[in-house]
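Q: Heads up: the protein sequence lines correspond to chains A and B, in order. Read in the working numbering, the first sequence has 76 at position 76, and its numbers run on one by one without any break. Read in the working numbering, the second sequence has 1080 at position 80, and its numbers run on one by one without any break.
Simulated from the structure, these hints should not be mistaken for laboratory data. Backbone N, C-alpha and C fix where the C-beta goes; we use that ideal spot for every residue, glycine too. Careful: at least some of the hints might be erroneous.
[Claimed, not checked] Partial list, derived from the structure: chain A residues whose beta carbon lies under 8 Å from chain B:
| # | residue |
| --- | --- |
| 1 | T6 |
| 2 | V16 |
| 3 | D50 |
| 4 | L70 |
| 5 | G73 |
| 6 | H75 |
| 7 | L113 |
| 8 | T118 |
[As the list claims (entries may be wrong)] Here are the computed lysine-lysine pairs in the BS3-like style, where the Cα-Cα straight-line distance is at most 30 Å:
| # | chain 1 | residue 1 | chain 2 | residue 2 |
| --- | --- | --- | --- | --- |
| 9 | A | K74 | B | K1056 |
| 10 | A | K74 | B | K1078 |
| 11 | B | K1077 | A | K78 |
| 12 | B | K1078 | A | K72 |
| 13 | B | K1072 | A | K74 |
| 14 | A | K24 | B | K1024 |
| 15 | A | K24 | B | K1077 |
| 16 | A | K74 | B | K1077 |
| 17 | A | K72 | B | K1077 |
| 18 | A | K77 | B | K1074 |
| 19 | A | K24 | B | K1003 |
| 20 | B | K1078 | A | K77 |
| 21 | B | K1056 | A | K24 |
2 protein chains.
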Amino acid sequence: MRKTKTLLVAHGSSDVSWGNTFQKMTESTREKYPDVSLAFMELSSPSIEDEIITGKAEGYQHFRVLPLFLAKGKHLKKDIPAMLLSYETSHEISTELLEPIGEHPLLAEAIRLIIEETAE
Amino acid sequence: MRKTKTLLVAHGSSDVSWGNTFQKMTESTREKYPDVSLAFMELSSPSIEDEIITGKAEGYQHFRVLPLFLAKGKHLKKDIPAMLLSYETSHEISTELLEPIGEHPLLAEAIRLIIEETAE
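Using the sequences and the hints given, assemble the complete structure.
A: This is the structure we're talking about:
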């Protein structure tokens, strides 16, 4: 069976505290699932390619990308698919781009619960 | 008691489907809580100011902003606070900027559940 790694991919920012929020947001998932890592599209480390290189060295051949984005704009429609296509060739791996978290019903539910909690 | 409106504020995009994702993501919350609306910082409609004008006409004096952002970058540290300050003066209302949804433990939990669900 091919070994699959899941990359939680966030946008990235030159602001360090921005990246820390994603480290914290994904901590419980990464602790529970050792096959899951956090990576950034740009500006923050590690990059998607960094994680593919590391993962490949650990024996992973397939990389699933779960975008930590709320909606699909240019980055998810063009930039990330193009990056993944290029890495498939250059690193001889396969990739799969999942729907961004914002499209999942759990996000709608989380927002409703946050509002419920803060309701006066 | 002052009447409070909560604005769920997303970034906005020239891509219409991007805005639709946020309409859908916030639908159950807006249906359950009539005092909650969706607004966009830029590019999409309605804008934050549109919703403040509408809300004020309906008798709301206080506007709480829940950012539909995953982390705090320049927009939440500078742009949105500056916009809110300016609207407080120009529309004679009060505002309150909440933490972005990405800082809430429910987001970390949603990501964990999404991974759990998609685990092979």
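Q: Of the numbered hints stated previously, which ones are contradicted by the structure, given in increasing order?
A: The structure conflicts with hints 2, 3, 6, 9, 19 and 21, although it agrees with all the remaining ones.
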